[in-house]
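I would like the entire structure built from these sequences, with the hints used as guidance.
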Amino acid sequence: MAPSMVELLEDCSGWEIEDIPDQHLVFIRVHIDHFNEQSGEFIPLAFKNRDDDQGVTAMSSDWSKYGDPGKTQEAGAQEPQSEKYHVISLGVQEIREIIPLQFVVHAPVCDDPKLPNNQAHTNILGPKSRKEFVELSKSDDKRSGTNWARLESDRVRLAFANAIKTWEIRATKPSQLA
Amino acid sequence: MDLALSHYEIATNQRTLDGLDNDCSNPLSAQLTDQDEDFSESLSSRITYLDAFKLRNSLVGTDNTSSLNTEGVYRGAVIRNTRSLAKILQNPIRVFGFILPHDLADIANRVASSHNFLELEENWDGCGGPKYKYSTWMTATGVVVNAAIDYWSVSKKVPTSPAILQGIDGDIDVIWRSGHRSLLINTPEEESLRPSFVGKDSRDSDIEINGTLNVREGNGWLLQWLNY
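Protein chains in written order, with my numbering: chain A, 1072 to 1249; chain B, 365 to 592.
Source of the hints: derived by calculation from the structure; they are not laboratory data.
A hint or two may mislead.
[Stated by the list, open to error] DSSO-like mimics (lysine-lysine), calculated; alpha carbons at most 30 angstroms apart, straight line:
#: 1; chain 1: A; residue 1: K1209; chain 2: B; residue 2: K495
#: 2; chain 1: B; residue 1: K495; chain 2: A; residue 2: K1185
#: 3; chain 1: A; residue 1: K1155; chain 2: B; residue 2: K520
#: 4; chain 1: B; residue 1: K520; chain 2: A; residue 2: K1209
#: 5; chain 1: A; residue 1: K1185; chain 2: A; residue 2: K1119
#: 6; chain 1: A; residue 1: K1119; chain 2: B; residue 2: K497
#: 7; chain 1: A; residue 1: K1209; chain 2: A; residue 2: K1244
#: 8; chain 1: B; residue 1: K497; chain 2: A; residue 2: K1202
#: 9; chain 1: A; residue 1: K1202; chain 2: B; residue 2: K521
#: 10; chain 1: A; residue 1: K1119; chain 2: A; residue 2: K1136
#: 11; chain 1: A; residue 1: K1244; chain 2: B; residue 2: K495
#: 12; chain 1: A; residue 1: K1142; chain 2: A; residue 2: K1185
#: 13; chain 1: A; residue 1: K1155; chain 2: B; residue 2: K495
#: 14; chain 1: A; residue 1: K1236; chain 2: B; residue 2: K495
#: 15; chain 1: B; residue 1: K497; chain 2: A; residue 2: K1244
#: 16; chain 1: A; residue 1: K1119; chain 2: B; residue 2: K495
For clarity, every value in this text was computed on a predicted model and none was experimentally measured.
Shown next as structure tokens:
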């Protein structure tokens, strides 16, 4: 989504990277196909890292201090179909303490040519998939082997599945609208 | 349990046969075309030795593996006569080659729904979602079916239904919950790797089970742990 005129005129130069308290929430946008209605479970693709233009691999979220679920639903949509996205919230403390090797770091977006300004933007850093864990194991002698990578990635996905999620916005598939 | 074949292996044989048509020069094809009139039905049902073994044990209370051949089990491959299993099961459910007892209808539904994964093309969600291979799906659902039948046949209880979910890298995750316990079983895309599992108890973070699974076995003990 290209930045709007209002966003282009917004002065974000004063935005700083802040520490996020444990008690706060982050909002996460989840593609409508990444929730399994039959079982009530989010699929692992909902909690997947993406690479940004600066080479940061992370899962995007929005800090509740500066954001709200509606903005989260709209802001990252790559096309004007934000209704395709659910928005859920997770507790920062739960991510930090329950889900292995995950870090919640404030990362405001300011004057990015491709992204709208977003003071709430927050990265959830840390490997999610087995392949990411395998890469990590290659670069760290203390963590070796495919078995370690498989176990850790299984733990992370189960922890994300078990994390307490609150529905903020529940999207509706077109077939459900009638 | 040397004779036992998992659903996955049976299905793999089925796929091989599909590709061979009537090529009787193939040893496997020759072996299977030597079956009785119910052969095609046997193939479509892909009943496993393991199922027959466990179901028979659960119903007639025997653990005598030598009697299995009298049940019509073809050595190392497919049951010759599905009628023998039909006698054992009341209103069995057939879903994509699996046969489940009627008590496990909900699990059969989950397996049936997950078959849609195989129709997904690359980037099916617009977010880079991967394709899923038949072998991955068959292994993942085979573990689910075998574990459920194994648990059901031993405990006489119907397990909760698992979530069968698309994974990040073409793998498939199964999440199974009961009470305070949760279990994740991951089937990787690479056929050389066994499915792995991790189980947690929300009441005590120190409680965890993890490891890899032999898909030749029923693995019903996983559900015994889950429901403990």
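How the hints compare with the structure:
{"no.": "1", "hint": "A:K1209 to B:K495", "verdict": "holds (26 angstroms)"}
{"no.": "2", "hint": "B:K495 to A:K1185", "verdict": "holds (28 angstroms)"}
{"no.": "3", "hint": "A:K1155 to B:K520", "verdict": "violated (43 angstroms)"}
{"no.": "4", "hint": "B:K520 to A:K1209", "verdict": "violated (46 angstroms)"}
{"no.": "5", "hint": "A:K1185 to A:K1119", "verdict": "holds (21 angstroms)"}
{"no.": "6", "hint": "A:K1119 to B:K497", "verdict": "holds (20 angstroms)"}
{"no.": "7", "hint": "A:K1209 to A:K1244", "verdict": "violated (42 angstroms)"}
{"no.": "8", "hint": "B:K497 to A:K1202", "verdict": "holds (17 angstroms)"}
{"no.": "9", "hint": "A:K1202 to B:K521", "verdict": "violated (37 angstroms)"}
{"no.": "10", "hint": "A:K1119 to A:K1136", "verdict": "holds (23 angstroms)"}
{"no.": "11", "hint": "A:K1244 to B:K495", "verdict": "holds (22 angstroms)"}
{"no.": "12", "hint": "A:K1142 to A:K1185", "verdict": "holds (17 angstroms)"}
{"no.": "13", "hint": "A:K1155 to B:K495", "verdict": "holds (21 angstroms)"}
{"no.": "14", "hint": "A:K1236 to B:K495", "verdict": "holds (28 angstroms)"}
{"no.": "15", "hint": "B:K497 to A:K1244", "verdict": "holds (26 angstroms)"}
{"no.": "16", "hint": "A:K1119 to B:K495", "verdict": "holds (16 angstroms)"}
When held up to the earlier numbered hints, the structure conflicts with 3, 4, 7, 9 and fits the remainder.
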